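Colleague: Listed below are the residues making up each chain.
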Amino acid sequence: MKKMIKMIGLMSFSALLVVGSVHAAEDAPRNQGNELSPNQGSNECGLGWQVTKQKTLMGTSTRGTTNYYLSPTWSMTSGTSGCQKHDFAKKDEEAVKYVASNFYPLTAEMAEGRGEYLAGLAQVMGCSDSVASNFGQATQKSFKAITNNADAYETLQNVKHVIENNAILSQNCSATI
Amino acid sequence: MKLIKWKLCIFGISLLLSCKPGFCVENITSTPAQNIKAQYDENRLRQVASDLRWKKLLHYNQFFPWSGTSGEVDGDGFYFSPKGRVDPLSELKATLSAFEVNQKVGKLNQPAICAFPERLRFLKEQLQIQITAPAKGDCPEYDHFISKMESKTVEIVFSSAYSSNPGSMFGHTLFKFVKGNKSDLLDQGVSFAATVQANNEGGLLYVLYGLFGGYSGDFSFQPYYQKVNEYINSESRDLWEYRLNLSPAETHSLINNLWEIESNSWFDYYFINKNCSYQLLAALEVVKPDWDLSSGWFFVVPAETIKRVSKIPGAITQVRFRPSLKRKLEEGIELLPIKEKVEFKRLINRDVDPDQIDSKDVLSAAIQYVQYFRAEKEGSFDESLREFWKKLLARQNILSQGILVNASATVSPAIALKSPVGNPAPNSGQASAYEQLPQDPPELGHGPFRLSLSQGVFQRGGLDGGGFEEFHIKPAYHDLLNDDRGYLPFSEINFPNLTLRYYPNTAVLNLETLQLVSMTSLSPFSFLEKRASWKVDIKIETPKDLACTNCHVFHSEMGWGATLNLFSPKSLLYGLIGGYLDVGAGLGSFYRFGPSAELGVLTNPFKPYKLRLRVLAYSDIFQPDRPPAFGTLELSQSLSFLPHWEVRLAALSVQGLGSLNYRFSSYSEGKISVNYYF
Numbered sequence: 001m002k003k004m005i006k007m008i009g010l011m012s013f014s015a016l017l018v019v020g021s022v023h024a025a026e027d028a029p030r031n032q033g034n035e036l037s038p039n040q041g042s043n044e045c046g047l048g049w050q051v052t053k054q055k056t057l058m059g060t061s062t063r064g065t066t067n068y069y070l071s072p073t074w075s076m077t078s079g080t081s082g083c084q085k086h087d088f089a090k091k092d093e094e095a096v097k098y099v100a101s102n103f104y105p106l107t108a109e110m111a112e113g114r115g116e117y118l119a120g121l122a123q124v125m126g127c128s129d130s131v132a133s134n135f136g137q138a139t140q141k142s143f144k145a146i147t148n149n150a151d152a153y154e155t156l157q158n159v160k161h162v163i164e165n166n167a168i169l170s171q172n173c174s175a176t177i
Numbered sequence: 001m002k003l004i005k006w007k008l009c010i011f012g013i014s015l016l017l018s019c020k021p022g023f024c025v026e027n028i029t030s031t032p033a034q035n036i037k038a039q040y041d042e043n044r045l046r047q048v049a050s051d052l053r054w055k056k057l058l059h060y061n062q063f064f065p066w067s068g069t070s071g072e073v074d075g076d077g078f079y080f081s082p083k084g085r086v087d088p089l090s091e092l093k094a095t096l097s098a099f100e101v102n103q104k105v106g107k108l109n110q111p112a113i114c115a116f117p118e119r120l121r122f123l124k125e126q127l128q129i130q131i132t133a134p135a136k137g138d139c140p141e142y143d144h145f146i147s148k149m150e151s152k153t154v155e156i157v158f159s160s161a162y163s164s165n166p167g168s169m170f171g172h173t174l175f176k177f178v179k180g181n182k183s184d185l186l187d188q189g190v191s192f193a194a195t196v197q198a199n200n201e202g203g204l205l206y207v208l209y210g211l212f213g214g215y216s217g218d219f220s221f222q223p224y225y226q227k228v229n230e231y232i233n234s235e236s237r238d239l240w241e242y243r244l245n246l247s248p249a250e251t252h253s254l255i256n257n258l259w260e261i262e263s264n265s266w267f268d269y270y271f272i273n274k275n276c277s278y279q280l281l282a283a284l285e286v287v288k289p290d291w292d293l294s295s296g297w298f299f300v301v302p303a304e305t306i307k308r309v310s311k312i313p314g315a316i317t318q319v320r321f322r323p324s325l326k327r328k329l330e331e332g333i334e335l336l337p338i339k340e341k342v343e344f345k346r347l348i349n350r351d352v353d354p355d356q357i358d359s360k361d362v363l364s365a366a367i368q369y370v371q372y373f374r375a376e377k378e379g380s381f382d383e384s385l386r387e388f389w390k391k392l393l394a395r396q397n398i399l400s401q402g403i404l405v406n407a408s409a410t411v412s413p414a415i416a417l418k419s420p421v422g423n424p425a426p427n428s429g430q431a432s433a434y435e436q437l438p439q440d441p442p443e444l445g446h447g448p449f450r451l452s453l454s455q456g457v458f459q460r461g462g463l464d465g466g467g468f469e470e471f472h473i474k475p476a477y478h479d480l481l482n483d484d485r486g487y488l489p490f491s492e493i494n495f496p497n498l499t500l501r502y503y504p505n506t507a508v509l510n511l512e513t514l515q516l517v518s519m520t521s522l523s524p525f526s527f528l529e530k531r532a533s534w535k536v537d538i539k540i541e542t543p544k545d546l547a548c549t550n551c552h553v554f555h556s557e558m559g560w561g562a563t564l565n566l567f568s569p570k571s572l573l574y575g576l577i578g579g580y581l582d583v584g585a586g587l588g589s590f591y592r593f594g595p596s597a598e599l600g601v602l603t604n605p606f607k608p609y610k611l612r613l614r615v616l617a618y619s620d621i622f623q624p625d626r627p628p629a630f631g632t633l634e635l636s637q638s639l640s641f642l643p644h645w646e647v648r649l650a651a652l653s654v655q656g657l658g659s660l661n662y663r664f665s666s667y668s669e670g671k672i673s674v675n676y677y678f
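Here the protein sequences come in this chain order: A and B.
Each residue of the first sequence is one higher than the one before, starting from 1 at the first, in the working numbering.
Each residue of the second sequence is one higher than the one before, starting from 1 at the first, in the working numbering.
Chain B with its partners taken away, still in its complex shape (with noise of 0.2 Å):
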């Protein structure tokens, strides 16, 4: 394509006809690049183009962990040459020329210094080129971005997963411009996303313009306080904010390289490897070329780029939590004394008015409570709940202006037990939005990648099976066994796996399972929401009701149900009710299905350890000669030793249900698991 265009310049060019500037960026650079030639030592220019800041600045990266490097930006405009994204002499000589010439570029139409400036500083520094920077006034659409995005430093700051959304169950990342100014709200967020148009949403086609680059990735520039309402306020994630390194004059060659990119270009977006955290890494890469932030990636998990700029030595210089509106507020009710926590339930069920309420704390946790109803249910703020946070804020204001005598004493002791430790708060004075670090941040997290082996014996019919080993190998993401610590809680994402069995006593190798995908949320219910949870388990497997070792069933399962907490918020009591589909040659008709429901008890009593305890019930109605379901009691309990091993030990039981009038060939086993995390 660029090509073509190319040569209809050319063309163009030959009868006399003007080319449109930045439509035929590539034919204004055959010719003065004669002029550099002339004007430049050679050696010195192939110098300059084989430095790695040249080539970070043109973002050379790899696409793949075993290929070569080349230019990623997508779109038309980044590079001047045609040869840009594989030649980085090329693209200096042709940048060069641009300057000269005063090219206008991009999607500013703006001159190439205007719109280059990050390659303009490098050039001139490496060069000592003559060509004159802009003066103030020349460039206006870059000194208003230069003046709402200047700042001192920058921190890459991650979102934890957003439970109720699979989309986000896996975080994210953005960056922050640190103004340092009393307030960060006022600072800059910066996100890299797929730009997709509203009325193309969901579905196959939108899974499939993911994967395969179809959207256009942008970055988009907003204040702070947007982030922390969108992802605080109303979607209940905490933010977990890393300040990085940066002085300001990398922190400005950053912005200038954002600048070149989104007002002259943009990145095809790739769910799995070019993704929203990928690029942030991309982009860090231009101003620390040495910090080798980009290569080999096979796919691209948030909390693992934090893991990955967390393990460079000086990298990130400061580490803060900013805890969700939701968590705030459990913790602000926790605190209450009983006598309060009755007091506020009944305030917030307006069984009292707010104006017999003596208790900051109590309509603090009321404001809060209002804030985070508000922003869950909107169609449900209507006017007497409008009139209802009125009179709790004239209340507070009253409360308040009483005690306030200075300004520290106006600190509750339920807030002042929260107040940050060790962490120091950006206003203090003022109330900090911010927390303690909590014990799980997600640099300390188990590696996506897992490699198994496993030794077991089993028993069929009563009688002694033998022995088994097995090799399982899963390059993403997280089961309900695993270590919390990292991800997020009592949840399971389970990507394509595979497990081999093998048994010594027959020489039989079998492939045991081959997992498509499997998610499970476990939601407990609590006094803010009752959310339901789910699972979804799609699987190619050896069914243990049948008496094969070595025959296989399509097993494709849902369930929907409620989890609460059994006596704390480390251990969940699950009930889901759903159904399921075999398919296989060893299913009487091919084929079976019916109802299913899944009891089980999950515990976390201390970090590194957890316990499960489920049972399986599925309906066998259509298979003749069977009885009417079976079942599998299981336990499982696990223990790690973050961030790469774990150990478990699991033993099933597999009965038939419902009456005796069948023959029903029992089955159990027990096994003991060794597990490799990367």
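If we strip away everything but chain A, and leave its shape as in the complex, we get (with noise of 0.2 Å):
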């Protein structure tokens, strides 16, 4: 009943609104359940986050939204499509989630030695905030190493021996190969 109510009355001016229901089609996630947008015409693991723009009259039609942290049950599935080829600790799974995602950003500020994407991986990294411009100076000095055609997973693998040759990144960052 109040239903019906709400249904009448929003009727009875939605003809003088109806342009405002383009707005608000904001941002209604099509996949369910799928973080990103699977990879198109690739299967590596780390293209980063793949936009496959159909601009269509209500929204961008790739846009995910996933609910995971609903559920400790979250699962490889989404984040990383391509690298499910690698058999990686569950441990690692946010860290290949966050190169996969920022590959690109991420791999250009690693060649600069500075930027919030590679804060965000020693972070990931679990290196503490002082030892911040190290990580920056080690990734970019190993950078040609780090990057040299690996995807997500083998960039995170590189990076992790690099902070274990590292005698300052070894004593402070938690990840381990």
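No lab work stands behind these hints: they were computed from the structure.
Remember, it's a predicted structure, so these values are computed and weren't measured experimentally.
Note that beta-carbon positions come from the ideal geometry of N, C-alpha and C, so glycine has one too.
Be aware that a few hints might be false.
[What the hints assert, rightly or not] Below are the PhoX-like pairs computed for lysine-lysine, each with C-alpha atoms no more than 20 Å apart in a straight line:
#, chain 1, residue 1, chain 2, residue 2
1, B, Lys390, A, Lys141
2, B, Lys360, A, Lys144
3, A, Lys144, B, Lys570
4, B, Lys570, B, Lys544
[What the hints assert, rightly or not] Quick look at which bits of chain B chain A covers, simulated, 3 or more residues with Cβ under 8 Å:
#, stretch
5, 93-101
6, 178-184
7, 393-401
8, 592-599
[Said to hold, decoys possible] Listing some non-contacts, in silico: residues in chain A with all C-beta distances to chain B over 12 Å:
#, residue
9, Ser142
10, Glu154
11, Ile168
12, Gln171
13, Ser174
14, Thr176
Take each chain as given, in its own frame, and dock them per the hints.
Modeller: Here you go:
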């Protein structure tokens, strides 16, 4: 009954507000449960966040959202499409997802040795804030070795090697191979 | 429906059949409610139930500005009592019962104390109840959620409009839960959105469902970097981040309430008033009931919600601006010296190899350009572009290391100019993703609702027609002559609006215009994108080319074309070509149609002032005894006094075109309008 009243009430002035319908079509998730749109035309792990825009009247249709935080059983199926070929530990899920989602801006910052994506990676690697600039310099120095044709998972492993071989970082970052 | 379930359950119990938990939530409350009465002082229960904080926890709000408050959560599983939506006392008692009998509830079929942690916290505080709070491990799903969400404070993030998509032309708001880390990319973004199935996109059904609550709305939780990727990188939208004055405890309560909704139930989604932006306000009121954010909305426009919050003294402690990738790229290119601009163009045209570039700024711009290009034209990111990208990074890496003596020395002049001023960067020592606040924050814009009074004079066939007065009302939103601050520049979206005109000489009151919708998007061609401009206009109006003051036609018109910047980004030259259809009794054959065109100049030389000169031409070949076309020349100016007032001057002249063999009653008018926005 309450819904009926709501419906009738809204209908009575909706004629005045039809245009409003386009508003807040904003963000309607189309790919429930699939956080990232699938890689198009590639099976690489680490092409990063793929934007397959199909501009429609009502929204970008590839928007994906997920409520995976609602469930501890959230699995690797989302966020790292293309990465399934690697058999990595659960503890690396968030890190692989981070690198895969941000692959392009992250590697661009790594080349320069600074930036927010790099700071985020240091955080994901469990590095204390005090060594953030060391982390930037170390990954910049080993940039070629880290990113050489590597996908997201391999990039992550390479970063871990850099941490392990760096006296300061190995003491101040918790990520392990 | 609920009643039927309840009756079925009672019937089931009477038959000694067990009811599954969750399906028949309501019946369980009936018996223990007796115990509640004995255990607690009824007066105290009444007091707590009438507490605004309790009502807000239950999401009691107004549906319309004139209606009373009731519980807004629409799905089952949120209210224990069958009367929970309208009776806070009944819901209070039912909640206590559910806690005491350890009832399993919600989508996750978890104990009530796990499903409703904020109600438990509030009731323990108010009633000193003996129910033990869950220990670590008792509520694994909740613990997991909290471990991801726990934050220091909250920001409301406003995303500017997405110009290429009518559905996003009003902007958007979301929550950002701030963890206080070095990089805010790992903060949490929370949006409220309608759940639309992939195969149910577009079309009339979508509009109807959206208008009348046919979709359910859910909060979605994502790392903030996903939001940044979506808005900043992919859709070229700027983000404004408004930090709210919430303590860690209030932040925790807000997270708890989101959990209570999301793990148990849902809202129906109404595009106009119970949308993405509204539900954020309603959630905020749970922890700040005295802020009064959710009441009095007729329709909820995202930027208006920011305005509402910013009007509360002390509610916002900090504002930061995160420019889109496109904006950063354009600004980066703009700051390059001419020589480097040329080098940049040669580089991205691949006339020169990255290895030959010695400027970090040029490389930075090229790296951003490839990222922008990749986001815009996904399909075109082929192997050769990927190789180009790798070479750019390798070169940048070499150059950066050469300079990298200490961190501060790496800031190039171009970037240094753009480093934040007055906005503390979260990651000092890092290149900031933030910029100095621009002068056009969304909360400074004009109100969407317009009331207008005009006074004018007109001439027909060269004879003085006398004066007229006009009254105009429009509920929303923004037109081409409005001050663009806070809105998508050079865009127009007019909701249904009405103009009445009164001629004192003849004492005639006429429906001048009843516009159903008009939208215009003028996107100037730039180096980065060449996007079509377009317009749509549907209305009932008194046409000026017919010699009548109170005849009407139903006019619909579409146009498509291109826009160029005229010497500066503040001035546009645009041309649109399309067609129109008029239907009405005043026309020779009740209808006319044909091609139409518009050529215009629109300029905004300084902030509060705008001027538009345009020529509109319509073919009129299907009407007997008429020239083959007619045209309108129009000059309009506006001067705004934000946020409420505006003065406009307009002059127009309508002439027959193409042949002198026909008589055409030319028309001209001039008018001055005073507009009030709220």
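Colleague: None of the hints should be skipped; say for each whether it holds.
Modeller: Each hint tested on the structure:
Taking the CA atoms of Lys390/B and Lys141/A, the gap is about 16 Å. The hint holds against a cut of 20 Å. With a CA separation close to 18 Å, the supplied pair Lys360/B and Lys144/A stays within the 20 Å bound. In summary, the hint linking Lys144/A to Lys570/B is not supported, as the alpha carbons are separated by about 44 Å, beyond the 20 Å threshold. For the suggested pair Lys570/B and Lys544/B, the alpha carbons sit about 31 Å apart, so the restraint of at most 20 Å is broken.
Coverage of the stretch 93-101 of chain B by chain A is violated in this model, with 0 residues showing a Cβ closer than 8 Å to a Cβ of that chain against a need of three. Remark: the stretch 178-184 of chain B is confirmed as covered by chain A, as 4 of its residues place a Cβ nearer than 8 Å to a Cβ of that chain, reaching the required three. Closer than 8 Å: that is the beta-carbon criterion, and the stretch 393-401 of chain B has 6 residues meeting it against chain A, so the requirement of 3 holds. Counting residues of the stretch 592-599 of chain B whose CB lies closer than 8 Å to any CB of chain A gives 0, which falls below the minimum of 3, so the coverage claim is violated.
For Ser142/A, the non-interface assignment is contradicted: its Cβ lies about 10 Å from the closest Cβ of chain B, within the 12 Å cut-off. Interface exclusion of Glu154/A from chain B stands, the closest Cβ pair being 15 Å apart, more than 12 Å. With a least CB separation of 15 Å from chain B, Ile168/A remains clear of the 12 Å interface cut-off, as annotated. Every CB of chain B lies more than 12 Å from the CB of Gln171/A, the least distance being 18 Å, so the non-interface label holds.
Listed as outside the interface, Ser174/A is consistent with that label: its C-beta sits roughly 15 Å from the nearest C-beta of chain B, beyond the 12 Å cut-off. Taking the minimum C-beta to C-beta distance to chain B, about 20 Å, the non-interface status of Thr176/A holds against the 12 Å cut.
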